[in-house]
Structure formats: structure tokens, C-alpha cells
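Enquirer: Below, each chain spelled out in residue letters.
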Amino acid sequence: MAANAPLLELRDAVPSFDESGLMPAPYNLRIMPGECAVIDCRDFERAAMFADLCTGMIPLTQGSIKFMGLDWSTLHDRQLNALRGRIGRISRHGSWLSLFGTHLNIMLPHLYHTTDPFENVVHRATELGHTFGFPGLPITAPDRLSGADLARAACVRAFMGRPDLLILEDISDMLPEETVLPFFETMTAARDRGCGVLWFVRSSAAWHEYRKAVNIHMRLLDEGLFSLRVV
Amino acid sequence: MTDTSPPPPEQQASSVLAQMAPPEDSKDTGRFATLIGRFAPWLAAIGRLTRHQVRFTLLLIGAGWGTLRESLRPNSWRRPVIYEFRATLRQVIGGGFLSIVITATLAGLMVVSQAAYWLGYAGMAQMTGSILVSVLVREISPILVGIILMGRSGMLSLTEIGMMVLGGEVRGLQARGIDPFLALVMPRTFAFTVGGFTLGMIFAVVSLLMGFVVAHASGAITSSVWTFFFNVLAAMTTWDYLIIPLKFVLVGFFVGLGACISGLTVSSNDTMATIMPRGFARGIMLVLVVNILFMLDF
Numbered sequence: 001m002a003a004n005a006p007l008l009e010l011r012d013a014v015p016s017f018d019e020s021g022l023m024p025a026p027y028n029l030r031i032m033p034g035e036c037a038v039i040d041c042r043d044f045e046r047a048a049m050f051a052d053l054c055t056g057m058i059p060l061t062q063g064s065i066k067f068m069g070l071d072w073s074t075l076h077d078r079q080l081n082a083l084r085g086r087i088g089r090i091s092r093h094g095s096w097l098s099l100f101g102t103h104l105n106i107m108l109p110h111l112y113h114t115t116d117p118f119e120n121v122v123h124r125a126t127e128l129g130h131t132f133g134f135p136g137l138p139i140t141a142p143d144r145l146s147g148a149d150l151a152r153a154a155c156v157r158a159f160m161g162r163p164d165l166l167i168l169e170d171i172s173d174m175l176p177e178e179t180v181l182p183f184f185e186t187m188t189a190a191r192d193r194g195c196g197v198l199w200f201v202r203s204s205a206a207w208h209e210y211r212k213a214v215n216i217h218m219r220l221l222d223e224g225l226f227s228l229r230v231v
Numbered sequence: 001m002t003d004t005s006p007p008p009p010e011q012q013a014s015s016v017l018a019q020m021a022p023p024e025d026s027k028d029t030g031r032f033a034t035l036i037g038r039f040a041p042w043l044a045a046i047g048r049l050t051r052h053q054v055r056f057t058l059l060l061i062g063a064g065w066g067t068l069r070e071s072l073r074p075n076s077w078r079r080p081v082i083y084e085f086r087a088t089l090r091q092v093i094g095g096g097f098l099s100i101v102i103t104a105t106l107a108g109l110m111v112v113s114q115a116a117y118w119l120g121y122a123g124m125a126q127m128t129g130s131i132l133v134s135v136l137v138r139e140i141s142p143i144l145v146g147i148i149l150m151g152r153s154g155m156l157s158l159t160e161i162g163m164m165v166l167g168g169e170v171r172g173l174q175a176r177g178i179d180p181f182l183a184l185v186m187p188r189t190f191a192f193t194v195g196g197f198t199l200g201m202i203f204a205v206v207s208l209l210m211g212f213v214v215a216h217a218s219g220a221i222t223s224s225v226w227t228f229f230f231n232v233l234a235a236m237t238t239w240d241y242l243i244i245p246l247k248f249v250l251v252g253f254f255v256g257l258g259a260c261i262s263g264l265t266v267s268s269n270d271t272m273a274t275i276m277p278r279g280f281a282r283g284i285m286l287v288l289v290v291n292i293l294f295m296l297d298f
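Protein chains in written order, with the UniProt record's numbering: chain A, 1 to 231; chain B, 1 to 298.
Just so you know, the hints here were simulated from the structure itself, not pulled from any lab data.
Check before you lean on any hint, since a few could be wrong.
So the derived list for chain A, only partly shown, Cβ under 10 Å to chain B, looks like this [to be verified]:
| id | residue |
| --- | --- |
| 1 | Met57 |
| 2 | Ala82 |
| 3 | Gly88 |
| 4 | His93 |
| 5 | Gly94 |
| 6 | Ser95 |
| 7 | Leu104 |
| 8 | Leu108 |
| 9 | Phe226 |
Residues of chain A placed beyond 10 Å of chain B at every Cβ, according to the derived structure [as the list claims (entries may be wrong)]:
| id | residue |
| --- | --- |
| 10 | Ala51 |
| 11 | Met68 |
| 12 | Arg84 |
| 13 | Gly85 |
| 14 | Leu97 |
| 15 | His130 |
| 16 | Pro135 |
| 17 | Leu137 |
| 18 | Gly147 |
| 19 | Ser172 |
| 20 | Met174 |
| 21 | Glu185 |
| 22 | His208 |
| 23 | Glu209 |
| 24 | Glu223 |
Yeah, the Cβ is synthetic: ideal placement off N, Cα and C, and Gly gets one too.
Could you build the full structure based on these sequences and the hints that come with them?
Expert: Below you can see the structure in the form of C-alpha cells.
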């Protein structure tokens, strides 16, 4: 990836309507390393679909989406998976496997994509757990955790392993108030080392306190993605 | 305003055929095209049905090859994959052990004691070993082991993966760059393969042993247990040493693969009520097909 190249770039990307339900309009977005783009979207499902679009999971009928200079559509499965392993993501739905305990769910992507010693992974996850208010790592099944604990666990998982891009769906309604500040701090620390952030929000209350640090503000509607003035 | 919509396919076919045919045969060709046009929907329906029925077989062949090929890459056996393999292996062997022992005991009671009794009655006691190897170990064991494997663990895998697909967890895995085939299908299939072999061997030994105990107690067999097992082993041919483990291995492999693939290919219209019967029927079919293929060749 070139030094001044965009981290994530959607250039007239028109998603396949059949597979996404997203309007087949051209989407344009450009996030440089360290930038934070906030996208207003009231519909959770549409936000999740757009997040999928940015991670190359939805075929395009036109245009291109590049992440770290690589076009998703030209990559093979193994390359796609490896590249997606560089993205930290918070999802609202379908992101917890009931087969494993929450601790394994948190560490799973990192254990899958890296060869870091297991102890180091546990140590890092526990540290992040402390940051987000856990006494350690929750080992119970995810479906037994409260919404607030799942939101904390989602944050721990997303920030694990120095991701290059953070795609954060809005969990502000579940995240406990005392965790908001650590969330901003961890996000800022990630941005400082060059990580881009794509942050979906439902209302301005979710990002109000962070607004000065936001570089791009857009709105995702049925008709497409529209640029707004950064406040 | 003229109608510019294209004619239906049957009419297109008949018009093309009519244009291609020489003028003197136009009447016959027209009749032929009409005939084809009449049967085209039926042929299409048969084609659709055939494709639908063959789809699972083709998926199974492709996924089987993919599983074998991927398993040879050291890069495929990452930590979550190994974890999944161990967890499934524990479930397959631990979950099926008691069922296998009980079923093997019952099968042993029926087959060994009956064979020993009737062969002794007919003055063919020396055939006991070969009859037991042929009937119990080579033919009955793989089928029963396959059915237990499917009932105890295959249906569980099918349901787990199917519900993960319907709940969006599999898509969530993909979004994090975790290949569901590598993370779920491959380790589970190999766990079933190892489990099939282990449970099959347990089944064979327990069934023979329990059969011997009953037959010995009833006086149908008077030799020692060592002589009995020696006779059984002596009755086995070189092929038996290859085929019997191979059957257990293949039954395990295909039951596991079939369950995982069935789970991974559920559609949004599916529910538990549609997933389970389909998976059960496919599992039974796979167990029988593996055994029948061996029966044909050997």
C-alpha cells in the first residue's frame, strides 16, 4: 500500500440489488489512514449491508471498492479472508457463536489470522477487557450475557490485534455510559497508529462528544450515500 | 402500437426449426417442432428435478475433494480449526460411545450366539469365524455405526450449522475473514472420520465379545475367548483388513461431510422442520451407498 493511498475507497460502487437490497446507486467514499468517517443511518440492516459492501462481501455491478489498495473483486478467497482479518468490526446481529464461550468468540479472529502465542492473545484480550469494564474475560456463552456485556465484548473483539480499519455499527444504545470514554480513547489510539474508522450512528447523540475528531460525515439513505458538512 | 415482446420459447424453437429445415420437409418439421413444443415444459420440469436431486451429490463430491485438499495444507489447520476438530471429536466419540456399546452388545447377542448355535447344529462350527467376519464385522457394523454416528452427532452438526446460517453467524464469520468451510466443515468432517473408525472398532470388538460371552454361557461355543478371536482373525482375508477399517472411515467421513454441507446450504425458507428430515434422509442414504459400493466391488 502506497504511503498516501486511501485506506478504503469506494469509487462509483454500485452494489448488486438482488444480493444486498441496497439501492443500486453509485456509492463514493474515501477514508485515509487515521481518518474517521461517521455515517448517519437510522436503519440497522442498511448499515450492516453497507458495512458488508465495504468489506467486499457484496458483488458490484459497477465501480470498485479498494481496501489498502487492493480491489476486493480481484482477490481470491484466501486473500479476501486475510484482508478481512485486518478489519476490526462491531456488528449488531449474528456475530456471536453460541458454540464457544464469549472469551473464545473474542479471540477467535485473532487466533485464526495470526500465530501470536496464545498467552499473548489472552493477555491482550484481558487488558482490553479491563479497559471496557470487565473484571477479566467472560467465559460464559454469549447468549447468557446481558446486552451491555455483549456490547463491551464486541468492543474488545473489534480492537483486538491492531486492525487497519474499524467498521463500527452503532451499539450506543447498549454500551454502558462508563464505557463510552474508554471507547473513544481506544478508537483515538487506533487512529493515531493509522487505523481508519467507519462509524455508523443512528443519532448525533452517539458521536456528539467525539465530533471534533471526525473527518467525514455522511448520511446513508435509500437513495445512496450523501456527504454532509462536518460539524 | 405493435407488440415487440419476444415469443415464448416453444414458439421460438418451432420457428427456428422451421427456418432451418428444407422446404420439402417443412410439414414434418413443423409437426416435430409442435411435438417438442408440447413436451418442452415436461422436459424442463424433469431437468429441473434431476438437477435438484443431483445437486447434493455434486456438492458432496466437490466438498469432499475440497476437504481432502485443504486438509493437506498446514496453513488450513489454524488454532480455531484444531479447537473445533477436538471439540467435535470429543462429542462424536463421547456422545456415541454408550450407544455403540449397547448396540454392539445387542447385535452380538443376536448374531454371534445365533450363528454359533445354528452352525454348530448344522455341523459347520468351523465356519463360525468367517460368517461372523462377513456378516457382523464387515456388513452390519458399518451400517449401525453410521446410523448411530448420524443420529448422535451428525444431526447435531447439521442443526448447529444450519441455525448458524439462518441466524447470520456464518456470515459474521465471513465478515471477519474466517472461512466457514475451514472453520466448520473440514475439522468436523475429519472428527467424524476419526470417530467413525474408533467407534467402528469398538463396535466390532464389543459385539464379538458379548456374542462370545452369551454363546459360551449357553454352551454353543466351548472354546476359550482367545481361540474364538483367533478363529475370527484367521477367517479374515487380507482385503478384510483393508476394507473393514476403510468402511468405518468412509462412513464417518461422508456422514460428517453430508451433515455439514446440508447445514451450510440451508436456505432462508428452511426451518428445523425441513432441515432435520432432509438431513436424516441424506445421512441414511450416504451410509447405505458407502456400504453398497463396497459390496459391489468386493
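Enquirer: Each of the hints needs a verdict: does it hold here or not?
Expert: Hint-by-hint comparison with the structure:
1. Of the supplied interface hints, the one on Met57 (chain A) holds, with its beta-carbon coming within about 6 Å of a beta-carbon of chain B, less than 10 Å.
2. Hint status for Ala82 (chain A) relative to chain B: holds, with the closest Cβ pair at about 6 Å, below 10 Å.
3. Hint status for Gly88 (chain A) relative to chain B: holds, with the closest Cβ pair at about 9 Å, below 10 Å.
4. Checking His93 (chain A) against chain B by beta carbon gives a least distance of about 6 Å; that is within 10 Å, so the hint holds.
5. Annotation: Gly94 (chain A) was flagged as interfacial toward chain B, and the flag holds, the nearest CB pair being 3 Å apart, inside 10 Å.
6. The interface hint given for Ser95 (chain A) holds, since its Cβ lies 4 Å from the closest Cβ of chain B, which is under the 10 Å cut-off.
7. With its C-beta approaching chain B no nearer than about 8 Å, Leu104 (chain A) sits inside the 10 Å limit, and its interface hint holds.
8. Because the beta carbon of Leu108 (chain A) sits about 5 Å from the nearest beta carbon in chain B, less than 10 Å, this interface hint is met.
9. With a cut of 10 Å, the hint placing Phe226 (chain A) at the interface with chain B is violated, because the nearest CB-to-CB distance is about 25 Å.
10. For Ala51 (chain A), the condition that its CB be more than 10 Å from all CB atoms of chain B is violated, with the nearest at approximately 8 Å.
11. Look at Met68 (chain A): its CB is around 13 Å from the nearest CB on chain B, clear of 10 Å, so calling it non-interface holds up.
12. Against chain B, the non-interface label of Arg84 (chain A) is violated: not every CB pair exceeds 10 Å, the least being about 3 Å.
13. With a minimum CB-CB distance of about 4 Å to chain B, Gly85 (chain A) fails to clear the 10 Å threshold, and the non-interface call is violated.
14. For Leu97 (chain A), the condition that its CB be more than 10 Å from all CB atoms of chain B is violated, with the nearest at approximately 5 Å.
15. Chain B leaves His130 (chain A) outside its interface by the beta-carbon criterion, the shortest separation being 23 Å against a cut-off of 10 Å.
16. Pro135 (chain A), annotated as away from the interface, keeps every beta carbon of chain B farther than 10 Å; the closest lies near 24 Å.
17. Even its closest Cβ contact with chain B, about 16 Å, leaves Leu137 (chain A) beyond 10 Å, as expected for a residue assigned away from the interface.
18. For Gly147 (chain A), the condition that its CB be more than 10 Å from all CB atoms of chain B holds, with the nearest at approximately 17 Å.
19. A cut-off of 10 Å between C-beta atoms confirms that Ser172 (chain A) is not in contact with chain B; the least separation is 20 Å.
20. For Met174 (chain A), the requirement that its beta carbon stay farther than 10 Å from each beta carbon of chain B is met, with the minimum near 17 Å.
21. For Glu185 (chain A), the requirement that its beta carbon stay farther than 10 Å from each beta carbon of chain B is met, with the minimum near 24 Å.
22. Every CB of chain B lies more than 10 Å from the CB of His208 (chain A), the least distance being 28 Å, so the non-interface label holds.
23. Chain B leaves Glu209 (chain A) outside its interface by the beta-carbon criterion, the shortest separation being 28 Å against a cut-off of 10 Å.
24. Under the 10 Å C-beta cut-off, the non-interface status given to Glu223 (chain A) relative to chain B holds; the minimum distance is some 25 Å.
This entry does not satisfy hints 9, 10, 12, 13 and 14, going by the numbered hints stated previously.
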